[in-house]
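Residue numbers (the numbering used here), protein chains in the order written: chain Z, 1 to 211; chain F, 1 to 86; chain B, 1 to 538.
Take a look, some chain B residues computed to stay more than 12 Å from chain F by CB distance:
no., residue
1, 19
2, 55
3, 282
4, 415
5, 416
6, 423
7, 426
8, 447
9, 478
If we take Cβ atoms under 10 Å as the criterion, some of the chain B residues that face chain F in the derived model are:
no., residue
10, 177
11, 205
12, 209
13, 237
14, 238
15, 241
16, 293
17, 295
18, 296
19, 303
20, 305
21, 307
22, 311
23, 315
Calculated directly from the structure, the hints in this document are not laboratory data.
Just so we're clear, the structure is a prediction, and the values are computed from it rather than from any experiment.
Just so you know, even glycine gets a beta-carbon here, dropped at the ideal spot from N, CA and C.
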Amino acid sequence: MSEAHFESAERQADAARLGMWAFLVSEVFLFAGLFTLYGAYRAAWPEAFAEGVRHGAKMLGSLNTVILITSSFAVASSLRALQEDRPRVALRWLLGTLALALGFLAVKAVEYHGHVHEGILPGGHGHHFATLSAPAGQAAFFTLYYVMTGLHALHVVAGAAVLAWLAWRLHTGALDARRAHVLSNGALYWHLVDCVWIVLWPLFYLTGGQA
Amino acid sequence: MKRRDVGAFVALLTLTGLSLGASYVPLGAWGMAVALGFAAIKVSVVAVVFMHLARSPRAEALFALGAVVVVAILVLLAAADVMTRT
Amino acid sequence: MSGRTPDAKAADTGLKAWLTTRDHKRIGIMFLVATTAAMALGGVFALLLRLELLMPGETIVDPMTYNRLFTLHGVTMVWLFMIPVIPSGFGNYLLPIMIGARDVAFPRLNLASFYIYLVGAAITLAGMYFGAADTGWTFYVPYSTTSAAALVPVLLGVFTLGWSSVLTGINFIATVHTMRTEGLGWMRMPLFVWTVYGTSIIQVLVTPVLGMALMLIGFDRLLDWGIFDPARGGDPVLYQHLFWFYSHPAVYIMILPAMGVISDVVCAFARKNPFSYEAIVWSTMGITFVGLLTWGHHMFTAGMSTFGAGAFGILSMLVAIFSAIKVFTWVGTLYKGSIALDTPLLYVLAFLFLFIFGGMTGVAVATTSLDVHWHDTYFVVAHFHFIMVGGTISAFLAALHYWLPKLSGRRYPERLGRLGAAGVFVGFNLTFVPQFLLGNRGMPRRYFDYPPAMHTLNAISTVGSWVLGASMLFIASYLLRSLLRGEPAGDNPWGAAGFEWRTSSPPPVHNWTGEPPFERGAYDYTEGSPALEGARDE
Ligand SMILES: [Cu+2]
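Can you build the whole structure from these sequences, using the hints too?
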């Protein structure tokens, strides 16, 4: 049905993978501007940022790190199974990945809810900042926190939607070992979501020492 | 083959635990470097094992590495401006 | 799917067939039509701006309308015309042919990119018109977060246009890597392909950073998040860092493919291989990379540190080295060539003059101490118009004349072409040379008024803009006439050796009937070259 203009199925898979990698690079650069703001603002407000990190939900953030790492392993296993022509096994791993994605979002929701409850909102809004003698640096910290983890959460939602669609295609048999590169691309996207979180985790949950 | 994935998974969990533990050690200014060091290793593990970067065509590895380098330049040059202002 | 074969569908000339096409040639032509229309629109805004500046004091518009007009002019010219025109327009049409492919790697994505462009363009233009955006194309904070104008629609529009740019970039990268015909190694690719490839890399890398910066302004306007607000720990200079991390390389998105056009046209009209193919390739990749490191030169006077200014000043001057390498190789290619002074080559010569002039003044403004004097004056305006109009539009016109026979199978009248080129060159210099002098005397940019002592130079500049506008209109009229009634051109009217001339003009649906004949190189003018089979007018 599709573009018959590739010389071979192999080339088509190559092009799709390369295109996906280029897309992932553009996704990294979507976050790059925010990392720049983080670096510059942390350089300007080292104390306030450390204080902000100490105020964060360290355990929930760490739990989410474990969840996403596990999900990365699960989607890699799903791809492996499909390449070995075991689509039922692949589907089970994929559903597991999906469940972990939803788990991540649930933990995230609890975390956001806690912050809102404490009066911490983006833009230095909320009663928490009224109690601080010098709220400027912490306002910047928590605005970045919401923007960066929020953007990441959006990517988790998008990734979960892709995984769900792939799971449906596996279920109907439309996705089989011959078209494994489609699942491979979905998995690549999911791994990127994982990688971004691996970097966000220390920035917002771990580095509360004097930096 | 599958052993590679399991090995990477265990390594990632271990690194996560170590990184979490290190965050309780008073390292001062080194805290950030250590935390980011762990993150860099973990991202490399995901990229090389799960994303098959080691066995991919050279172009893909070049893209990934190039992206990391350029992001680092962006962050560092902008931060350098902020830090050297008088 | 319809019952007809895909090929029959692709050859269909109905409107619906065009709008649903996946043929890169048709998508390229649609991009060319849309971007050229945008250029006309942006040109009208420019003429209005110049008309206001014909006399000191209020001439035709009040200050606020003037602010809106230069915002409209900048945004339209940058994002609707210059960023997409050569890569998405000519690149789409030519890149697959030049590598012997039947299409781009992802034809559906390609069409999607065009529609995203259209949607983005519509949102941007409507947003600026109804929202009265008055910030200039740079959207600097804090003005952009406090202006009474409605900015969010424009921000959304530019954000959308950015994704069109990214998707086209991704598509071309995958195409160049995986769709080259058998035996076409990297170092045999036409130079235009190299530059479009470099451009694609830049597009993928920097565009998302702009998108994010604009989104942050949107968050501030909609939700009051104040991420660049100093009272909340923010720093407006960081917005400028992010903006210029995109917008400086954006200059290379505009100029690199233009350089590719120049490289190919020079060889065709000197009937020689390039003076050094390798030097052009490596300087292309050099500009691609070093161009990413120079953004800070826009902020010397914005409160950046002395260290930062020094570092960015030196990095910026590096780009001049790569550009100079290119200029030398083009001149070296012309040297002892068998030169035909047809319209495309006239535009190349104009490009060389204007680009050298613009580039040298660029080195001047990259010098921190000098920039303090020239910053935000007409000197800078004149400098970047020399690069963008003098560079990109000259190359665009060269490409239009050179490849018109390829796209349409028809010729334009050579005499009128030369006349148009002369008009553009004279009009351009008349418009922008006085602006260097005005800037040096301290006339700030973006003001609708000036002291009477600056009247003469401003009047000359405005008259120049009329010459330039009239020449463009003249060129458009004879080109349109040629499209409908021009002489048949044959397959290779220039007798060029480029790969794109080795198929019929215009090419068949999948570009090639059989294997692409790529044994001889794209710049091979020696005995037995395919170029010599072409009928060349003397
Ligand atoms: Cu610049």
